[in-house]
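Asker: What follows is the residue order along each chain.
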Amino acid sequence: MAHASARRDPARARERTLLALAAPALIVLAVLFVWPLIRLLSMSVEGGTLAQFEKAALDELYVAVLWDSLEIALIVTVICLVLAYPVAMWIVQAGRLGFILGMFFLLLPFWTSVLVRTYAWMVLLGRNGIINRMLRDWGWIEFPLPLLHNLLGVLIGIVHVMLPYMVIPIYAALLRIDPDLKRAAEGLGAPAWRTFLRVTLPLSLPGVFAGSALVFVITLGFFITPALLGGGRVVMIATLIEQQVREFLDWNFAAALATVLLVVTLAIYALLGRLTGGQGHAAR
Amino acid sequence: MPRARRPAQPGRVVLTIVASLVFAFLMLPLVVVFPISVSSAAYLQFPPPGFSWQWYERFLDDPTWVESAIRSFKVALLCTALSMGLGVPLSFALVRSRLWGMRLADKLVAAPIIVPNIILSIAIYSLFSRLQLIGAWYGIAVAHTILALPFVVILVSAGLRTFDEAQEQAAMGLGASWGVAVWRITLPQLRPSLIAAGFLAFVTSFDELVIAMFLSGASMTLPKKMFDNIMLEIDPTIAAVSVMQIVLACICLGAAALFGRGVVPGAATK
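Top line first, the protein sequences correspond to chains A and B. The first sequence runs 24 to 307 under the working numbering. The second sequence runs 1058 to 1327 under the working numbering.
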């Protein structure tokens, strides 16, 4: 008995020390993250009524904007997936120089501010932007193409921001695949496309799902890029929330819209996480 | 080079073409601001008609630009210090503790990546306006800490997981206290992860706009000043500021990749 408790005590002391190390950060998170969120969300049911949610659900504008945001998030996820997969495959197969270059091209935009990149797209895509000017100077077009202040411009801007979030998880999943599996498939006579479909693709799915979850959920809450590249014509749910706070000072309604966005975000993330849960662990 | 090693396959050629196009797409907006920033023309002209430093001079001559840049540096430095000071100890607890609550804490720390920035921003805005913290630069730094903390914890935890705890126990067996063992043995070996985490925290705060929009009031950070400028008029001063930000990002990324660890995924295997 005495022996057992003497053994357990250092373990307990250790847990106490670790808890003390975690405490400051957890307190800050509780005060500056959890508490403000609870305060905000509780504003949506102030007065004990669901009137704010009713207002959101019955107003065609808000419902339409929510659907548009989900649609944009879905389109962006699909485009990112299609572009990111070949890039991840290329980096995995590349030599040292290719790896360094690829990672540089991928990480530099990731480390550069979204605002700088959005501004650059405005310069590139505008009516009198660089792309339209060049196409006109070369005589390829007569009138400027509508590239900015529409869905296309918003999609280009968001895809540019979200691509690294998709490439890196897929790349990590591809890296974990045992190269012997591919060699075995090839040795057994499978053509390259079949090896890809039956070996590489299924084993990389955890990365695909992880990347898709991240891209979809982050895109859903996008604010700056649609505000600048959409020119007021592409409205996403984050813009509506900001409007309610800034212009109408309607905190209760903003809180209701925020609650809807947060619930949808967490639900989708949890769902996609559950889909990959088993596989994700298996891959590790 | 891969092509020298293997015979060219049609699949690889297609892959290389697609990857090159995507890389070009990723770099295009970063590259394009360089010529505009040294243009002699007042409005957008491409290619620029002549060379001039005037937009950089305009930035340096305008106190509101310079002040906002200095403010952003201060905010980012304080945010880096706070998120490292909170995040490094937290990482030790998350990696080593077996308490059931730590799994929950793990999720909680990562949550700010998923929770939309606009929601976090107005939630903190509502709290800070009651505390009369709007316009205070340190208020922005504290709020940014919530956003930078997940990155710090992810990078430092990853480094800590590869560290062999037996080294710490050996030091303690030789008479060192746990604190001394961590300070002299563990942290020096974690240095690459710490460097990477510090730079990423700095950049996260320095570039952040949405929280700053709500909290900065009249004393603007650099991203807020840029945003207002883009909304009012696009003149090439923005391009000059953008070039400086890209160069700063290059320096931070380069330093983190060279002296740090965990920034470039899979780098160890290449």
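Errors might be hidden in some of the hints.
What the hints assert, rightly or not - To be clear about the criterion: a stretch of chain A counts as covered by chain B if any three or more of its residues have a C-beta under 8 Å from a C-beta of chain B, and this derived list gives those stretches:
hint	region
1	163–169
2	199–212
Stated by the list, open to error - To give an idea of the chain A side of the interface with chain B (calculated C-beta under 7 Å), a few residues:
hint	residue
3	Leu63
4	Ile102
5	Leu106
6	Thr135
7	Arg140
8	Tyr142
9	Leu147
10	Ala215
11	Ala261
12	Ile264
13	Leu284
14	Val287
15	Tyr292
16	Gly296
Unchecked claim - Estimated spans, in silico, between C-beta atoms of each pair:
hint	chain 1	residue 1	chain 2	residue 2	range
17	B	Asp1163	A	Trp163	35 to 45 Å
18	A	Leu73	B	Asp1119	26 to 36 Å
19	B	Gly1107	A	Leu298	38 to 48 Å
20	B	Asp1163	A	Gly254	36 to 46 Å
21	A	Leu220	B	Phe1220	36 to 46 Å
22	B	Asp1119	A	Gly162	17 to 27 Å
Simulated from the structure, these hints should not be mistaken for laboratory data. The beta-carbon is built from N, C-alpha and C at its ideal position, and this holds for glycine as well.
Asker: So, for every hint listed, does it hold in this structure?
Answerer: Against the structure, the hints come out as follows:
no.: 1; hint: 163–169; in the structure: violated (count 0)
no.: 2; hint: 199–212; in the structure: violated (count 0)
no.: 3; hint: Leu63; in the structure: holds, 4 Å
no.: 4; hint: Ile102; in the structure: violated, 11 Å
no.: 5; hint: Leu106; in the structure: holds, 5 Å
no.: 6; hint: Thr135; in the structure: holds, 5 Å
no.: 7; hint: Arg140; in the structure: holds, 5 Å
no.: 8; hint: Tyr142; in the structure: holds, 6 Å
no.: 9; hint: Leu147; in the structure: holds, 6 Å
no.: 10; hint: Ala215; in the structure: holds, 6 Å
no.: 11; hint: Ala261; in the structure: holds, 4 Å
no.: 12; hint: Ile264; in the structure: holds, 5 Å
no.: 13; hint: Leu284; in the structure: holds, 6 Å
no.: 14; hint: Val287; in the structure: violated, 10 Å
no.: 15; hint: Tyr292; in the structure: holds, 6 Å
no.: 16; hint: Gly296; in the structure: violated, 10 Å
no.: 17; hint: B:Asp1163 to A:Trp163: 35 to 45 Å; in the structure: violated, 54 Å
no.: 18; hint: A:Leu73 to B:Asp1119: 26 to 36 Å; in the structure: violated, 50 Å
no.: 19; hint: B:Gly1107 to A:Leu298: 38 to 48 Å; in the structure: violated, 56 Å
no.: 20; hint: B:Asp1163 to A:Gly254: 36 to 46 Å; in the structure: holds, 41 Å
no.: 21; hint: A:Leu220 to B:Phe1220: 36 to 46 Å; in the structure: holds, 40 Å
no.: 22; hint: B:Asp1119 to A:Gly162: 17 to 27 Å; in the structure: violated, 40 Å
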